[in-house]
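*Asks:* Fit chain E to the given chain P structure using the hints.
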Amino acid sequence: MNAAEPIPEQPSSWTVRTRRAIDRHLPMDHLLPVRQPYFVGSWVYVFGVITIAALVWVVASGVVLAFMGPQWWHDSSVGRFFNSLHFWSVQLFFIFMVLHLWGQYFMAGWRHGRAATWAIGVVIFGISILTAFTGYLSQQNFDSQFIAVNAKDAMNGAGVGAFFNVLNFGQMYGLHIMLLPIGVTFLVVVHIVMVRARGVVKPIDLEGGTRS
Amino acid sequence: MDSPTTYFHWGFILISVPNLLVIAGMIVLFAIALVVPFPHGGEGKNERR
Chain P
27 MNAAEPIPEQ PSSWTVRTRR AIDRHLPMDH LLPVRQPYFV GSWVYVFGVI
77 TIAALVWVVA SGVVLAFMGP QWWHDSSVGR FFNSLHFWSV QLFFIFMVLH
127 LWGQYFMAGW RHGRAATWAI GVVIFGISIL TAFTGYLSQQ NFDSQFIAVN
177 AKDAMNGAGV GAFFNVLNFG QMYGLHIMLL PIGVTFLVVV HIVMVRARGV
227 VKPIDLEGGT RS
Chain E
354 MDSPTTYFHW GFILISVPNL LVIAGMIVLF AIALVVPFPH GGEGKNERR
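Taken in order, these protein sequences are the chains called P and E. The first sequence: position 125 = 151 (my numbering), numbered continuously. The second sequence: position 30 = 383 (my numbering), numbered continuously.
Do not take every clue at face value.
Listed below are the simulated SDA-like cross-link pairs for lysine to any residue, each with C-alpha atoms no more than 25 angstroms apart in a straight line [to be verified]:
(1) Lys-178/P / Tyr-162/P
(2) Lys-228/P / Ile-380/E
(3) Lys-228/P / Ala-384/E
(4) Lys-228/P / Val-85/P
(5) Lys-228/P / Gly-129/P
(6) Lys-228/P / Met-133/P
(7) Lys-178/P / Ser-369/E
(8) Lys-228/P / Gly-209/P
(9) Lys-228/P / Pro-392/E
(10) Lys-228/P / Ile-78/P
(11) Lys-178/P / Ile-203/P
(12) Lys-228/P / Val-216/P
(13) Lys-178/P / Asn-372/E
(14) Lys-228/P / Asp-355/E
(15) Lys-178/P / Pro-357/E
(16) Lys-228/P / Ile-208/P
(17) Lys-228/P / Ser-369/E
(18) Lys-178/P / Leu-367/E
(19) Lys-228/P / Leu-387/E
(20) Lys-228/P / Val-389/E
(21) Lys-228/P / Phe-383/E
(22) Lys-228/P / His-393/E
(23) Lys-228/P / Pro-59/P
(24) Lys-228/P / Leu-382/E
(25) Lys-228/P / Pro-390/E
(26) Lys-178/P / Phe-189/P
(27) Lys-228/P / Val-148/P
(28) Lys-228/P / Ala-134/P
(29) Lys-228/P / Leu-213/P
(30) Lys-178/P / Asp-355/E
(31) Lys-228/P / Val-70/P
Listed next, with one range per pair, are the computed distances between beta-carbon atoms [what the hints assert, rightly or not]:
(32) Leu-58/P / Pro-371/E: 25 to 31 angstroms
(33) Trp-363/E / Thr-44/P: 56 to 62 angstroms
(34) Ala-92/P / Val-388/E: 17 to 23 angstroms
(35) Ala-384/E / Ile-78/P: 18 to 24 angstroms
(36) Asn-372/E / Leu-58/P: 28 to 34 angstroms
(37) Ala-92/P / Trp-363/E: 40 to 46 angstroms
Simulated coverage check for chain P against chain E, where a stretch passes if three residues somewhere in it have a Cβ under 8 angstroms from a Cβ of chain E [said to hold, decoys possible]:
(38) 62–75
(39) 143–153
Just so you know, the hints here were simulated from the structure itself, not pulled from any lab data. Just so it is clear, the structure is predicted and the values come from calculations on it, not from any experiment. Think of the CB as a built atom: it goes at the ideal place given N, C-alpha and C, for glycine as much as any other residue.
Isolated chain E (complex conformation):
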């Protein structure tokens, strides 16, 4: 746990793998939020729920 983490190094980009995984997870979560239908959403064009 106290050992230094591994880093992803690509050109000028240098980021720790844990930070990279968090950002990747956030992008995946954002994409899921866009495509997964919201319960009871989208009924009737001008309806207010």
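Chain P extracted, bound-state conformation:
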């Protein structure tokens, strides 16, 4: 066979089927569009992007903190700066995530097959709260000890204390810097890909006032 000739594709191959499914559901002009519908020209649509930007800062500052350790983030001026950077980017992340939630709620962003996108957003919100909570428990100061000692009774009352021990720093720190951020980041990527696949939901006015 001539080396320049393409090898015929086997339709039964899972790689071929996967590639064709991606081409069908998520063509590149949907994934990285140049233009958006005119109704996207509103500041309300910027909240989601700012949330992602804040998440980038959260992860970047968190990587530095994880590498350098608690002694550094408490005792050195640069460490305290990164500690603050991490804290305040989380504040912005939550503020703009809630503003994005309000925007999507009032425009009923779950319409026309976007229910899963909405539901994944709800799950991201929940995991983010858990991530922030374990973050407060990972500070390695009296504040984190105070929160842990007070939270333990609520956790035991909820019946999760046996496997989610807020007094166990190693467990809380591991969850905070490893499993939960991976969960949030992965679901944010899925959330964005789903938004790109279906496009931004049309305003309710364009449908003649229906909410179907």
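*Replies:* Then chain E, alone, in the frame of chain P:
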């Protein structure tokens, strides 16, 4: 900085003033986002920018 903050107490609602200010700021920001025109937005009804 270590002193306890003041709380807003109205009926069954009890919230710290800093938290109340953050929520009020978010509502103001949301309202601004609705009314302030977006740059280059709204040209032509069915145009894609």
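*Asks:* Check whether the Cα positions of Lys-228/P and Val-389/E lie no farther apart than 25 angstroms.
*Replies:* holds (20 angstroms)
*Asks:* Hint check: Lys-178/P vs Pro-357/E, CA-CA at most 25 angstroms. Holds or violated?
*Replies:* Status holds; Cα separation ~23 angstroms.
*Asks:* Please work out if Lys-178/P and Asn-372/E have their alpha carbons no farther apart than 25 angstroms.
*Replies:* At roughly 24 angstroms apart (the allowed maximum being 25 angstroms), Asn-372/E and Lys-178/P satisfy the hint.
*Asks:* Hint check: Lys-228/P vs Val-148/P, CA-CA at most 25 angstroms. Holds or violated?
*Replies:* With Cα atoms ~21 angstroms apart, Lys-228/P and Val-148/P stay inside 25 angstroms; holds.
*Asks:* Given the hinted pair Lys-228/P and Leu-382/E, is their alpha-carbon gap at most 25 angstroms?
*Replies:* Since the Cα atoms of Lys-228/P and Leu-382/E sit roughly 23 angstroms apart, the hinted pair holds (cutoff 25 angstroms).
*Asks:* Does the alpha-carbon distance linking Lys-228/P and Ile-380/E stay inside the 25 angstroms limit?
*Replies:* holds (23 angstroms)
*Asks:* Please verify whether Lys-178/P and Leu-367/E have alpha carbons no more than 25 angstroms apart.
*Replies:* holds (23 angstroms)
*Asks:* Given the hint that Lys-228/P pairs with Phe-383/E, test it: the Cα-Cα distance must not exceed 25 angstroms.
*Replies:* holds (19 angstroms)
*Asks:* For the pair we were handed, Lys-228/P and His-393/E, check the Cα-Cα distance against 25 angstroms.
*Replies:* Status holds; Cα separation ~19 angstroms.
*Asks:* Tell me if the straight-line CA distance from Lys-178/P to Ile-203/P falls inside 25 angstroms.
*Replies:* Holds, at roughly 21 angstroms.
*Asks:* So does Ala-92/P sit 17 to 23 angstroms from Val-388/E, Cβ to Cβ?
*Replies:* violated (42 angstroms)
*Asks:* How does the stretch 62–75 of chain P fare against chain E when you require at least three residues with a CB closer than 8 angstroms, holds or violated?
*Replies:* holds (count 10)
The earlier numbered hints that this structure contradicts are 4, 8, 14, 16, 17, 32, 34, 36, 39.
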